[in-house]
Amino acid sequence: MSSPAQEERRADEPDAKTPPLWEEEEEPTPPPTGPKRRITWRKLVTVPAVVLIVLLLTWLYISNVQLDSIARNSLEGGNVPLRLRQHIELTAISTFWVLIIALPLGTALTRRGLRKAAPVVTAIANVGQAAPAIGLLALLVIWLGIGQSTAITGMVLYAILPVLANTVAGLRAIDPNLVEASKGIGMSARATLARVELPLAVPLILAGVRTALVLNVGTATLATFGGGGGLGDLITSGIQTQRMPVLVVGSVLTVCLALIVDWLASLVEVMLTPRGLEEK
Amino acid sequence: MSETYDSETGGAGSHPEDGARAEGGLGTHAGSGSGSGSGSGAGILLEGLTKRYPGSREPAVDNVHMEIKPGETVILVGPSGCGKSTTLKMINRLIEPSSGRIRIGDEDVTDIDPVKLRRKVGYAIQSSGLFPHMTVAENIALVPKMVGWSKSRVKDRVEEMLDLVGLDPREFHGRYPRQLSGGQQQRVGVARALAADPPVLLMDEPFGAVDPITRDHLQDELIRLQHELHKTIVFVTHDFDEAIKLGDRIAVLREQSHIAQFDTPEAILTNPADDFVSGFVGAGAALKRLNLTRVREVEIADFPTVTVEDPLQSIFNKLRSGPHNELLMLDRRNRPYKWLRRGDLMRAKGSLARAGQLVHDTVTRDATLRDALEAVLTDSGGRVAVTGRRGEYIGVVDMETLMNSVHEMLEADRLAAFEHQHEQAELLTDPQDRRGEQDERGQQLEDGAEV
Numbered sequence: 004m005s006s007p008a009q010e011e012r013r014a015d016e017p018d019a020k021t022p023p024l025w026e027e028e029e030e031p032t033p034p035p036t037g038p039k040r041r042i043t044w045r046k047l048v049t050v051p052a053v054v055l056i057v058l059l060l061t062w063l064y065i066s067n068v069q070l071d072s073i074a075r076n077s078l079e080g081g082n083v084p085l086r087l088r089q090h091i092e093l094t095a096i097s098t099f100w101v102l103i104i105a106l107p108l109g110t111a112l113t114r115r116g117l118r119k120a121a122p123v124v125t126a127i128a129n130v131g132q133a134a135p136a137i138g139l140l141a142l143l144v145i146w147l148g149i150g151q152s153t154a155i156t157g158m159v160l161y162a163i164l165p166v167l168a169n170t171v172a173g174l175r176a177i178d179p180n181l182v183e184a185s186k187g188i189g190m191s192a193r194a195t196l197a198r199v200e201l202p203l204a205v206p207l208i209l210a211g212v213r214t215a216l217v218l219n220v221g222t223a224t225l226a227t228f229g230g231g232g233g234l235g236d237l238i239t240s241g242i243q244t245q246r247m248p249v250l251v252v253g254s255v256l257t258v259c260l261a262l263i264v265d266w267l268a269s270l271v272e273v274m275l276t277p278r279g280l281e282e283k
Numbered sequence: 012m013s014e015t016y017d018s019e020t021g022g023a024g025s026h027p028e029d030g031a032r033a034e035g036g037l038g039t040h041a042g043s044g045s046g047s048g049s050g051s052g053a054g055i056l057l058e059g060l061t062k063r064y065p066g067s068r069e070p071a072v073d074n075v076h077m078e079i080k081p082g083e084t085v086i087l088v089g090p091s092g093c094g095k096s097t098t099l100k101m102i103n104r105l106i107e108p109s110s111g112r113i114r115i116g117d118e119d120v121t122d123i124d125p126v127k128l129r130r131k132v133g134y135a136i137q138s139s140g141l142f143p144h145m146t147v148a149e150n151i152a153l154v155p156k157m158v159g160w161s162k163s164r165v166k167d168r169v170e171e172m173l174d175l176v177g178l179d180p181r182e183f184h185g186r187y188p189r190q191l192s193g194g195q196q197q198r199v200g201v202a203r204a205l206a207a208d209p210p211v212l213l214m215d216e217p218f219g220a221v222d223p224i225t226r227d228h229l230q231d232e233l234i235r236l237q238h239e240l241h242k243t244i245v246f247v248t249h250d251f252d253e254a255i256k257l258g259d260r261i262a263v264l265r266e267q268s269h270i271a272q273f274d275t276p277e278a279i280l281t282n283p284a285d286d287f288v289s290g291f292v293g294a295g296a297a298l299k300r301l302n303l304t305r306v307r308e309v310e311i312a313d314f315p316t317v318t319v320e321d322p323l324q325s326i327f328n329k330l331r332s333g334p335h336n337e338l339l340m341l342d343r344r345n346r347p348y349k350w351l352r353r354g355d356l357m358r359a360k361g362s363l364a365r366a367g368q369l370v371h372d373t374v375t376r377d378a379t380l381r382d383a384l385e386a387v388l389t390d391s392g393g394r395v396a397v398t399g400r401r402g403e404y405i406g407v408v409d410m411e412t413l414m415n416s417v418h419e420m421l422e423a424d425r426l427a428a429f430e431h432q433h434e435q436a437e438l439l440t441d442p443q444d445r446r447g448e449q450d451e452r453g454q455q456l457e458d459g460a461e462v
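Keeping their order, the protein sequence lines are chains Y and E.
Following my numbering, the numbering of the first sequence begins with 4 at its first residue and continues without gaps.
Following my numbering, the numbering of the second sequence begins with 12 at its first residue and continues without gaps.
Don't read these hints as lab results, they were simulated from the structure.
Glycine residues also receive a C-beta, built at the ideal position from the N, C-alpha and C atoms.
Heads up, a few of these hints could be off.
[Said to hold, decoys possible] Distance ranges between label pairs, derived from CB positions:
#: 1; chain 1: E; residue 1: Ser91; chain 2: Y; residue 2: Glu272; range: 39 to 45 angstroms
#: 2; chain 1: Y; residue 1: Ala95; chain 2: E; residue 2: Asp227; range: 57 to 63 angstroms
#: 3; chain 1: Y; residue 1: Val130; chain 2: E; residue 2: Glu182; range: 31 to 37 angstroms
#: 4; chain 1: E; residue 1: Arg112; chain 2: Y; residue 2: Ile127; range: 54 to 60 angstroms
#: 5; chain 1: E; residue 1: Asp119; chain 2: Y; residue 2: Ala126; range: 44 to 50 angstroms
#: 6; chain 1: Y; residue 1: Ala120; chain 2: E; residue 2: Asp117; range: 54 to 60 angstroms
#: 7; chain 1: Y; residue 1: Pro179; chain 2: E; residue 2: Ser67; range: 40 to 46 angstroms
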C-alpha cells in the first residue's frame, strides 16, 4: 500500500465510480429553502379574527341591554380596562417567576450531580399542580395574607410543573452521542449546555412555557379570592349580583385573552425553534 | 521514549527530511511518517492505561501500553465489548483513566484541562454527531472559533475543509445536517474534527452507520486525506477488512483491551500471533492480502498491440509472427479496445469492425490485486489490460503473474514477520536494554542503514 498509489487511485477512481453515487447521495437534499416557511397566513390571522368577532358580538350585546346601576358600577368608570390590565399583569408576572424558577431548576436536575434528585423535585411540583388551585390559594392566603403577591405565589406554584417537566424531558431527550460529540470536540460543560443542549431542548421547553402561560391566564381569574384583582373580579361580582352582562364581559375577556396569549406563544415558539430542527 | 521520535525536529541535525524518512522506515509503511509540514501528526504514547468502573471487579481496560508514531494510522479492532472504544475515549479523556499515563507529542496530557486537550485532538464518531440546529458551516466552525481564530480565518477554513472532504462549499455551506445524506454527514463530521488542524484525530467507528458502498468511498476518502495531511489517527472499528484497508498498523484487542497483536496488516494476515487473532482475521487471509497490494507493484507484462489505424496486412503479419496467437487492439487514443485472436479476422471476413472481443474490463496501476484478480477471472483469456490515468494502455497482467507475486509476497511477509517476532522476543527478554537498543536502531536508521 504505497502512498503515492493511494493518491493516484483516488484521482483516477472518481471518473469511473463516483458520478452515479453522487447523484444518489444528493437525492435526499432539497435546495435550502429561504426564509419563507415558518409562519403561514392562516396561522397569523385565524385566532385574532375569531377573537375580534367574539369581542364585537359581546360589545353589541352589552350596548343593547339595559344596564342597572349595579351593573353599570361594575362595567363603567374604567373598571373593565383596570381589571384586564391587572389580569395581564398577574399572568405576565407569574409566568416570569415560573421561568426564573423552573428553567434553571429543570436544567440543574439534568446535570450529573443532581440527576438523582429529579424524581423528588418533580413529585413536589406535581403536588403543586394536583392540588386544586383554589385550595392552594386559600392556604396561601391563610399563610401570607391577602394581596397580589399571594395570588402570584399561588399561580407560580401551580404553573411550575409543565415548564419544569418539559425542561427536564427536553434535555433528557437529547441524543447522548451529541453531548459526547460536543465534549469530544472540546466544548466545556457550560458551552455544551448553552450551545447544544438548550437549543436542542427549545421546542419542548417552549411547549411547556406555552402551557404554563395559558394555565396562568385561567388561574389568574382565581386571584380575586386572594385579593389580587383581575378579570375574576368581574366574574365573581357578576355571579354574586346576578348581573349577566358583567359575568359575560368577565368571562369573554378571559377566554379571548387566553386565546390571544396562546396565539402569541405559538408565534414565539415558531420563531425561537432552531431552523435545523424544523420538520420538513 | 519519545526521544526516538524527535528526529523530525532535532535528531537529524542538518537533514531534517532524512530524519523524517528514516522514522517512517521504522514501520513498514514508508509513507506514514514522512509528513513534516505544519499540522501533521504527533506521536501518542499510552502507558499502563487502565479503566476500572466502580462496582465491577474486572477492569474494563487493563494496562494498555501502546506507542503510536507521528503520522501513523493505527486501528483498534476487536469484538464488541473488548474495550476498544473505552481505550480511544481515554486518549481524549472523555473517559478518565483510573491509572496510567497518556502522552501526546512531548506533552503529558494525563492531568491537563480536558477541554484544552480535546481542542487539540480531533474527534469523529459514528453517525457523524453533527449538531442538528447548526448549519454545516457552523458545525465546522465550532472548534476554530473556540480556540479563538479570527472571523475571516474561520470562514476560509470552513470552505477549505468542505473542499477537502469533497463537498462543494457554496452548495453545502448553509445546509442543515438533516438535509444531508448519511455519507455527506459523515464527511462533514470529519471536516469538523479536522477544522482546527489538530495533530491527532480519534475516530470511533465513524463509518459504522453508512451503507457499504458509501462506506467504501469514505474509506478511500480518508486514505486520500491522510495522504495529504499526515495526521496521527487512532481509529476504532470491529470490521477487520476496514482495519486492513485503512491501517498502517492494527492492534487486535481481546477483552479488557489486552493487545493480542499490534502489527502491520501484512504481518497480521500472514502471521497471526495466536488463535484469537487468526479467528478474527477470518478465512481468506491470502485473498485479503491481495487488497494490500497494487497492480503497480507487480510485474506488468508487455503484450503485442496494434491500433485500429494500422493497415489490415500488418495486423495479419503481427498475429502470425507474435509469441501469443493474440493481439490487443488499441483505439485512436491508445486505449485497449479489442482482443484479437488468430481466427477472428478470418471469421469476420476481414472486417476489423466485427472481429475480436471487446475489452470489457481494465484496471489501473493503482487498482488492488484483488480487483485485478476479479478482472482476470472473468476474462475468457485469463488476463487483464492495465491502463494509465487517461485510460491508455500500459501492459497486461495475467493469472500466472498474479499467482507468482502473491507467493512472493506471502513468503516475504512470513520472513518479515519472523524477523519481527525475533526482535520483539529480544526486546521482551531484555527490558533494561530496550531504550538503548531503540536509540541505537534509530541512530542506524538515521545513518541510512537498512532494517
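Outcome of the hint check:
1. E/Ser91 to Y/Glu272: 39 to 45 angstroms: 42 angstroms, holds
2. Y/Ala95 to E/Asp227: 57 to 63 angstroms: Hint holds: Cβ distance 59 angstroms, inside 57 to 63 angstroms.
3. Y/Val130 to E/Glu182: 31 to 37 angstroms: 54 angstroms, violated
4. E/Arg112 to Y/Ile127: 54 to 60 angstroms: With Cβ atoms ~46 angstroms apart, the hint is violated.
5. E/Asp119 to Y/Ala126: 44 to 50 angstroms: This hint holds: roughly 47 angstroms between Cβ atoms.
6. Y/Ala120 to E/Asp117: 54 to 60 angstroms: 44 angstroms, violated
7. Y/Pro179 to E/Ser67: 40 to 46 angstroms: 21 angstroms, violated
Checked against the numbered hints given earlier, this structure breaks hints 3, 4, 6 and 7; the rest are met.
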